[in-house]
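Novice: Guided by the hints, dock chains B and C onto chain A, whose structure is given.
Protein sequence lines correspond, in order, to chains A, B and C.
For the first sequence, the residue numbers in the working numbering are 54 to 398.
For the second sequence, the residue numbers in the working numbering are 5 to 300.
For the third sequence, the residue numbers in the working numbering are 26 to 293.
Treat the hints with care, as some may be off.
What the hints assert, rightly or not - Only pairs whose alpha carbons sit at most 25 Å apart, straight line, appear in this in silico DSS-like list of lysine-lysine: (1) B/K150 / A/K176; (2) A/K199 / B/K150; (3) B/K272 / B/K150; (4) C/K100 / C/K195.
Everything labelled a hint here was simulated from the structure, so no lab data went into it.
Residue-level listing of the chains:
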Amino acid sequence: MRIGAAKQSYVDDAALFDTRTQRVWLGLGLAALCAFPFVANEYWLYLACLIAINVASACGLNILTGYTGLVSLGQAAFMGLGAYTVAVMETRLGTPFGLNLLAGGLVAMAGGVVVGIPSLRVKGLYLAISTIAASVLAHFLFSNFKLTGGTSGLSLQPAQFFGIALDTSFRLYWLIVPLAVLMLLGAANLFRTRIGRAFIAIRDRDISAEVLGIPLLRYKLMSFGLSSFYAGVAGGLWAYFFRVVTPESFPLIMSIFFLAAIIVGGMGSILGCILGAVFMTLVPELLKLIVGWLPMSANATLVLSPVRTIVFGALIIGFLIFEPHGLAEMWRRVRRYFHLWPFRT
Amino acid sequence: MSEGFDWLFFFEISLAGLGSGGLLALAGLALVIIYKATRVVNLAIGEMLMMSAYLFFALTASMNLPVWVAIVGTILSSGVLGALIERSMIRPMLGESPISTFMVTVGLSSVLVGLVELIWTADPRRLPEFMPTDPVLLGPAMVAPKVFYGFLISAALIAVVLGVFRFWRGGVALRATASDQAAAYSMGINVPRVFSLSWTVAAMIAAVAGIVVGAIGGISSTMGVFGLSTLVVVIVGGLDSVVGALLGGLLVGLVEAWAGAYLGGEYKVIATFSLLLLVLLVRPYGLFGTHDIERL
Amino acid sequence: MLQIEDVTLAFGGVRALNGVSLQVAPGSITSVIGPNGAGKTSLFNTISGFYRPKSGAILFEGQDITQRPAPQRAKLGLARSFQNIALFRGMTVLDNIKLGRHAHLKTNLLQALFYAGAARREEAALRADIEERIIDFLEIDHIRHASVAALPYGLQKRVEMARALAMQPKVLMLDEPVAGMNREETEDMARFILDVRDEWGITVLMVEHDMGMVMDLSDHVVVLNFGQVIASGTPKDVQGNPEVVKAYLGSGDVAQLRRQLTGAASPT
Numbered sequence: 054m055r056i057g058a059a060k061q062s063y064v065d066d067a068a069l070f071d072t073r074t075q076r077v078w079l080g081l082g083l084a085a086l087c088a089f090p091f092v093a094n095e096y097w098l099y100l101a102c103l104i105a106i107n108v109a110s111a112c113g114l115n116i117l118t119g120y121t122g123l124v125s126l127g128q129a130a131f132m133g134l135g136a137y138t139v140a141v142m143e144t145r146l147g148t149p150f151g152l153n154l155l156a157g158g159l160v161a162m163a164g165g166v167v168v169g170i171p172s173l174r175v176k177g178l179y180l181a182i183s184t185i186a187a188s189v190l191a192h193f194l195f196s197n198f199k200l201t202g203g204t205s206g207l208s209l210q211p212a213q214f215f216g217i218a219l220d221t222s223f224r225l226y227w228l229i230v231p232l233a234v235l236m237l238l239g240a241a242n243l244f245r246t247r248i249g250r251a252f253i254a255i256r257d258r259d260i261s262a263e264v265l266g267i268p269l270l271r272y273k274l275m276s277f278g279l280s281s282f283y284a285g286v287a288g289g290l291w292a293y294f295f296r297v298v299t300p301e302s303f304p305l306i307m308s309i310f311f312l313a314a315i316i317v318g319g320m321g322s323i324l325g326c327i328l329g330a331v332f333m334t335l336v337p338e339l340l341k342l343i344v345g346w347l348p349m350s351a352n353a354t355l356v357l358s359p360v361r362t363i364v365f366g367a368l369i370i371g372f373l374i375f376e377p378h379g380l381a382e383m384w385r386r387v388r389r390y391f392h393l394w395p396f397r398t
Numbered sequence: 005m006s007e008g009f010d011w012l013f014f015f016e017i018s019l020a021g022l023g024s025g026g027l028l029a030l031a032g033l034a035l036v037i038i039y040k041a042t043r044v045v046n047l048a049i050g051e052m053l054m055m056s057a058y059l060f061f062a063l064t065a066s067m068n069l070p071v072w073v074a075i076v077g078t079i080l081s082s083g084v085l086g087a088l089i090e091r092s093m094i095r096p097m098l099g100e101s102p103i104s105t106f107m108v109t110v111g112l113s114s115v116l117v118g119l120v121e122l123i124w125t126a127d128p129r130r131l132p133e134f135m136p137t138d139p140v141l142l143g144p145a146m147v148a149p150k151v152f153y154g155f156l157i158s159a160a161l162i163a164v165v166l167g168v169f170r171f172w173r174g175g176v177a178l179r180a181t182a183s184d185q186a187a188a189y190s191m192g193i194n195v196p197r198v199f200s201l202s203w204t205v206a207a208m209i210a211a212v213a214g215i216v217v218g219a220i221g222g223i224s225s226t227m228g229v230f231g232l233s234t235l236v237v238v239i240v241g242g243l244d245s246v247v248g249a250l251l252g253g254l255l256v257g258l259v260e261a262w263a264g265a266y267l268g269g270e271y272k273v274i275a276t277f278s279l280l281l282l283v284l285l286v287r288p289y290g291l292f293g294t295h296d297i298e299r300l
Numbered sequence: 026m027l028q029i030e031d032v033t034l035a036f037g038g039v040r041a042l043n044g045v046s047l048q049v050a051p052g053s054i055t056s057v058i059g060p061n062g063a064g065k066t067s068l069f070n071t072i073s074g075f076y077r078p079k080s081g082a083i084l085f086e087g088q089d090i091t092q093r094p095a096p097q098r099a100k101l102g103l104a105r106s107f108q109n110i111a112l113f114r115g116m117t118v119l120d121n122i123k124l125g126r127h128a129h130l131k132t133n134l135l136q137a138l139f140y141a142g143a144a145r146r147e148e149a150a151l152r153a154d155i156e157e158r159i160i161d162f163l164e165i166d167h168i169r170h171a172s173v174a175a176l177p178y179g180l181q182k183r184v185e186m187a188r189a190l191a192m193q194p195k196v197l198m199l200d201e202p203v204a205g206m207n208r209e210e211t212e213d214m215a216r217f218i219l220d221v222r223d224e225w226g227i228t229v230l231m232v233e234h235d236m237g238m239v240m241d242l243s244d245h246v247v248v249l250n251f252g253q254v255i256a257s258g259t260p261k262d263v264q265g266n267p268e269v270v271k272a273y274l275g276s277g278d279v280a281q282l283r284r285q286l287t288g289a290a291s292p293t
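The following block holds chain A by itself, in its conformation from the complex:
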């Protein structure tokens, strides 16, 4: 049972991982992440990269929706902006991947700020619906411009790192996972400072926040911009990972996927967006396994897609009704139980 952790200074109190046990687990976790690619097979490496990309994007959406309270169904559109920017730059300019990813993030950020402009006049559900409009508009733009290759999209050469082509999951792992970890760290840091606090204040009571000195429009736009930056970078990584970008790569359903991920994981917590993204990415794989085991496996592949859709919807509904604070809350309950054992929670 953990009694408590006494701190000697305010700086210590503000640390992200403040107990020795947490630091040990963190160290083990990082070591595991480093060791993983050497022991995993191609399939698991592929999954790990996909999970990392989803975690990065979910983290961005969490900043906007979970912490600032601005519901957005446009995350896929911003990822698309990032992906297309990277694709165009890679195919037409051949610039290094670092620059491309940064550019992808910045272009998506610009898009995010534009989409956020109505957020002062329009709130809650209405804002969510206007982000759907943004999604639709983005899809239209991607399909109808020569620059973006129209409906057939663009395909990319692998990213080059000092002459090594990043064309396998193993190699891409070392690009994607550290970036995702850095992005998570950035988000965690954000909420130790005045900017993060301002975001939460906007979510909880935006009118009072304004009277307390927070300029609403500026911070809402900042939140939109930051979350779409994250989405843009995630989209760029997506482009390098799949190496084909088409207008159908980032449909509205993908935005719904990310919103579901942060709901299932637990909105407003970093742990939540990690758990949610991991869970939602693994569920279809798990379903594939289950359906494969069932006796009538001839029809199995036919039912896989609709079953996946049903499970997806059911998860959203189920978590919202029964566990609105998501997997993170379930995790916290388990932790509390062990912290307080042998006392009851």
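Specialist: Just chains B and C, lined up with the frame of chain A:
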């Protein structure tokens, strides 16, 4: 054409737009009823419409029932489905934030699409013909028969629903619950029953719209996208305004038809959503919606 | 310090404030009293910047702030607490208080993401300052990491005040600071308010219904009724004023009341 603007074409396109606008108005009415009674924006309205169309398909094509029996059967079973949805998914969310309930309807739309694909596969189907097939002439202009009759059905049903809500006790109860749930409860109105009723009625209205939409364009598992246009309709008209849904429906129908004809099919969705953005920026609560005032 | 000059606030045809003028002297404790619906909270909201007056001016330290947006007014030193507690339920007590200092902090987005030297130092300095000056002062150190949603009402009010103090205010507007409190809590709060004025030199403007507290604490009292100032002066002056008595207790004279009402509602 060598002389000026082709007015006949414009007129025909506009008529077609009004025709589809009638269906949008019908679906919009269903959405407004749900919003007025339960304060929920039901993004799954398009999928509920789709489900009804498929139920109709099942009753006519698979079970070979006569069309009129199938229509009644579809409407009734859709009503039951609506009540079921409300009881199992919406009622538990009472008191939660509107965003959460909105997300539940998003989840619901996924579940419905999946169910349809599971039972009937994702291939598009055609519904059996049950409407007169002769082209309809309004003056010099020609209107596709299904669109014309679809509009008539929509208009008739809307008139019936409006009349019922104005003169029936249940309608008054609905309006009372819509303004103030707690007060309605204290007045002896059975608020939970009003909730169920609103979803049942809305589902039945959507069922009619679904049958007609399916009859016009065939049915498929992507039919639910009609729901996005319906959402635009109620945002433009005002989430809690019946008049807004009607006028909004006609407006969106016209805008889509004009965009489709003069700009090209792929511009339809853009036109609709541009209208949405315009309304959101200029009159966020819709043309006829009520403004929620926030107190400090 | 703070001057309200002939401010009129109208919502459609209803005049929440009708030609209200008042002066708040620096270093004083001024109370605004009046029956419910008199316009007291509307006055506060207008001063904060939430409402734009139809006419009139608000001067803060000589500057006209009538057209300034609310966040700027906060930065100038105008802080307030709210009638129905407006704490941010998703944050702890400490974070709520830290939020008050927002307008005076400098960390930008990039610094925040990296949480390197500048951001870290600013946060540590902020924490130290709040702990030593505010949390100790208001005796809330035992709940600093508690989530505000779990706190009892009296403590929530104290946290609200702490947050307002964190704003480094020159003028502190308290909207019903002791509403719903018992005798002991009211005395504690009265002591805090006096200390705030004496030790920190902050000018206090207060809306309050508790007449004992108002009369004991205030240097100056303003009485509002139907959006108009009907009396102002020292507590003793106001207590004896027949208009004030009539406003609170009524005179039973309906014709008089009618005249008063039509006088308040007529357009100028």
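Novice: Decide, hint by hint, whether the structure agrees.
Specialist: The hints, checked one at a time:
For the hint pairing B/K150 with A/K176, the CA-to-CA distance comes to about 39 Å; that exceeds 25 Å, so the pair is violated. Among the hinted pairs, A/K199 with B/K150 is inconsistent with the structure: their alpha-carbon atoms are about 38 Å apart, more than 25 Å. Proximity of B/K272 to B/K150 is assessed by CA-CA distance (about 20 Å); at most 25 Å being required, the pair is judged to hold. For the given pair, C/K100 sits about 10 Å from C/K195 by alpha-carbon distance, which is consistent with the 25 Å threshold.
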